[in-house]
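Peer 1: Going line by line, the protein sequences match chains A and B. Counting with the numbering used here, you get residues 1 to 358 for the letters of the first sequence. Counting with the numbering used here, you get residues 1 to 358 for the letters of the second sequence.
No lab work stands behind these hints: they were computed from the structure. One should not assume that every hint holds.
Said to hold, decoys possible - Restricting the straight-line Cα-Cα distance to at most 20 Å, the calculated cross-link-like pairs of lysine to aspartate or glutamate (DMTMM-like) are: (1) B:Lys283 / B:Asp260; (2) B:Lys79 / A:Asp328; (3) A:Lys195 / B:Asp78.
2 protein chains.
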Amino acid sequence: MIRRASSDNLTIALDGMGGDNAPESVIEGALLALKTNPDINFIIHGDANHLEPLLQAKPVLAARSRIAHTTEVVENDDKPSFALRRRRDSSMSHAIKSVRSGDAAGAVSAGNTGALMAMAKVLLRTLPGIDRPAIGGIMPTQAGSSVMLDLGANVTCDAENLFEFAVMGDAFARIILHKENPSIGLLNIGTEDAKGNEAVKSAATMLRESDLKLNFYGHIEGNDIGAGTVDVIVTDGFTGNVALKTAEGTAKMFAFFLKDALNKSTLANIGKLFSGLALKKLKNKMNPSLYNGAMFLGLNGIIVKSHGGTDALGFANAINVTINLAKDDINKHIIDEMIQSGHIAPEDDEDIDVEEIE
Amino acid sequence: MIRRASSDNLTIALDGMGGDNAPESVIEGALLALKTNPDINFIIHGDANHLEPLLQAKPVLAARSRIAHTTEVVENDDKPSFALRRRRDSSMSHAIKSVRSGDAAGAVSAGNTGALMAMAKVLLRTLPGIDRPAIGGIMPTQAGSSVMLDLGANVTCDAENLFEFAVMGDAFARIILHKENPSIGLLNIGTEDAKGNEAVKSAATMLRESDLKLNFYGHIEGNDIGAGTVDVIVTDGFTGNVALKTAEGTAKMFAFFLKDALNKSTLANIGKLFSGLALKKLKNKMNPSLYNGAMFLGLNGIIVKSHGGTDALGFANAINVTINLAKDDINKHIIDEMIQSGHIAPEDDEDIDVEEIE
Numbered sequence: 001m002i003r004r005a006s007s008d009n010l011t012i013a014l015d016g017m018g019g020d021n022a023p024e025s026v027i028e029g030a031l032l033a034l035k036t037n038p039d040i041n042f043i044i045h046g047d048a049n050h051l052e053p054l055l056q057a058k059p060v061l062a063a064r065s066r067i068a069h070t071t072e073v074v075e076n077d078d079k080p081s082f083a084l085r086r087r088r089d090s091s092m093s094h095a096i097k098s099v100r101s102g103d104a105a106g107a108v109s110a111g112n113t114g115a116l117m118a119m120a121k122v123l124l125r126t127l128p129g130i131d132r133p134a135i136g137g138i139m140p141t142q143a144g145s146s147v148m149l150d151l152g153a154n155v156t157c158d159a160e161n162l163f164e165f166a167v168m169g170d171a172f173a174r175i176i177l178h179k180e181n182p183s184i185g186l187l188n189i190g191t192e193d194a195k196g197n198e199a200v201k202s203a204a205t206m207l208r209e210s211d212l213k214l215n216f217y218g219h220i221e222g223n224d225i226g227a228g229t230v231d232v233i234v235t236d237g238f239t240g241n242v243a244l245k246t247a248e249g250t251a252k253m254f255a256f257f258l259k260d261a262l263n264k265s266t267l268a269n270i271g272k273l274f275s276g277l278a279l280k281k282l283k284n285k286m287n288p289s290l291y292n293g294a295m296f297l298g299l300n301g302i303i304v305k306s307h308g309g310t311d312a313l314g315f316a317n318a319i320n321v322t323i324n325l326a327k328d329d330i331n332k333h334i335i336d337e338m339i340q341s342g343h344i345a346p347e348d349d350e351d352i353d354v355e356e357i358e
Numbered sequence: 001m002i003r004r005a006s007s008d009n010l011t012i013a014l015d016g017m018g019g020d021n022a023p024e025s026v027i028e029g030a031l032l033a034l035k036t037n038p039d040i041n042f043i044i045h046g047d048a049n050h051l052e053p054l055l056q057a058k059p060v061l062a063a064r065s066r067i068a069h070t071t072e073v074v075e076n077d078d079k080p081s082f083a084l085r086r087r088r089d090s091s092m093s094h095a096i097k098s099v100r101s102g103d104a105a106g107a108v109s110a111g112n113t114g115a116l117m118a119m120a121k122v123l124l125r126t127l128p129g130i131d132r133p134a135i136g137g138i139m140p141t142q143a144g145s146s147v148m149l150d151l152g153a154n155v156t157c158d159a160e161n162l163f164e165f166a167v168m169g170d171a172f173a174r175i176i177l178h179k180e181n182p183s184i185g186l187l188n189i190g191t192e193d194a195k196g197n198e199a200v201k202s203a204a205t206m207l208r209e210s211d212l213k214l215n216f217y218g219h220i221e222g223n224d225i226g227a228g229t230v231d232v233i234v235t236d237g238f239t240g241n242v243a244l245k246t247a248e249g250t251a252k253m254f255a256f257f258l259k260d261a262l263n264k265s266t267l268a269n270i271g272k273l274f275s276g277l278a279l280k281k282l283k284n285k286m287n288p289s290l291y292n293g294a295m296f297l298g299l300n301g302i303i304v305k306s307h308g309g310t311d312a313l314g315f316a317n318a319i320n321v322t323i324n325l326a327k328d329d330i331n332k333h334i335i336d337e338m339i340q341s342g343h344i345a346p347e348d349d350e351d352i353d354v355e356e357i358e
């Protein structure tokens, strides 16, 4: 049975203790999210001694929230296998369990990524036909935004995995980018068919023969990410993680050089006063908080990972992503596409290999 | 026998016909390079009917150059295997042959990368102990510059390949960055030892047990490239190519947003006038021409690839990189390090597999 959102009056589970700025950023983020989605309810998992006073200071939020008390916390350096065995009573684990039970339509955590993925895989299992879940995120581009996956859940991927990522990325982009037919590109080291590794080459063939063929743009290169050449960037978790972080590092370097150049001359400082508004706009456009909220695609339930170091604005954005994915029933889109492509395999009960994502 | 530069009075071979702006950018680039290195001589390979009038217009360059006439040209869409069989008489092929014969201490081409690598492998062979050549380039960082390899010659790499890249990158960085003990990082999806694929994990162990152990920083992530965390970034050709182009695309996106933000408001335009000098400095710092010139490391001879779309300034930079590598005898550094690490294998005569880089 595919877990579905039951109504417009959604409940979202929050890991109240996950992330560098938790629980404050969680509480303040939830309050901010209520501004965009005023009819949402929250279950906030974590230590009531910490959470209760913070929540009572925000009566608007308190009216729509309940605290699910638990004292155990997943630490940032907990290995996924350790978290699975020893953190069963943690705020993270209970947030996922709220999704499993149907009490919540989705969960958000800013905690340990590996632990969250391991727990979510075991507690929710994958969708029928999906071999491996992937992390899908939002990237700023010259053209607006694109989605990219996998951002790091799977170090090595075969063609079938990449095909499944394309199906999931397509559904993700439809909801997040509001596009009916998002274009899909395979990240490669050249645009010619003969370029790249076997997985990428075979995945291209599979996509050309599939129901998604009209949306398939073909191979793209690293510079196409910033250019916004396609809506959905499909790649393995190693390459995707490096590309995501390389883009982050380059943006930081550029901002550093800009600041440095503007601070070094008096004339430039006068100029900065005048152009301050424009530079502020630029800063806002590149604000990582606006792109915060990566979905664990392919699980039987909606789990969204917030950046660990995010602020309240970023956490609010991750909550809003979760709400949109739940309202638009992303997993139904994925299943429909898997059926139409003839890629649904019978469900099986084999144990999930947790080691692979450590 | 390792090919060596014979004296201070070096000769560099130029592929006069390779690149989008050839032959003009080649001739003008060579003239620019003479300003930094006035005692260099050039052999310019290509069509004398095109080259002669351009060269005669620059008497300073003409006095230090000779044209080696050939009419055949490697096209941008020639497959490496095709170029190997059918472009034996091309300007690119003859430029490499100048290095093989010892007439030139190094060669520069802005032509087809795959063809250049295939021809260079066949004509020059690899250095003893080096399994596969790699493309090493220069990256701008917050801290100055770093070198990165492989940028795309090898789609898949094992631990031994990555180890050899580290040895070659170390030698490259000593000369290009003028550092006695450049720090070396392995590009990965996390900094913990347990992260990453088998090749990266084993390469880390090899480096820790080698002569380079004191320079080995450990695993780095994509954001460490722009931060300048290490001097030498080691990765496979797929990841390296994607990271390089992702960084380029992100810098372009940032510049696009900045221009857009500054053009949109009148106040910002006034500000731009004042801060123009600072912004020009920023533009200069990020100018790709300044980082142009990627070496094909691991070949028995110095071959430098210029970006195909580069201008005269970029081509001049690639020539200067070649001169520095020749003067400082990079291949001697690589061989010495391979001997000290006990990684020199007996030379063999097996045929070079050209297909693998297509």
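Peer 1: Could you work out which earlier hints the structure fails to respect and list their numbers in ascending sequence?
Peer 2: Number 2 only.
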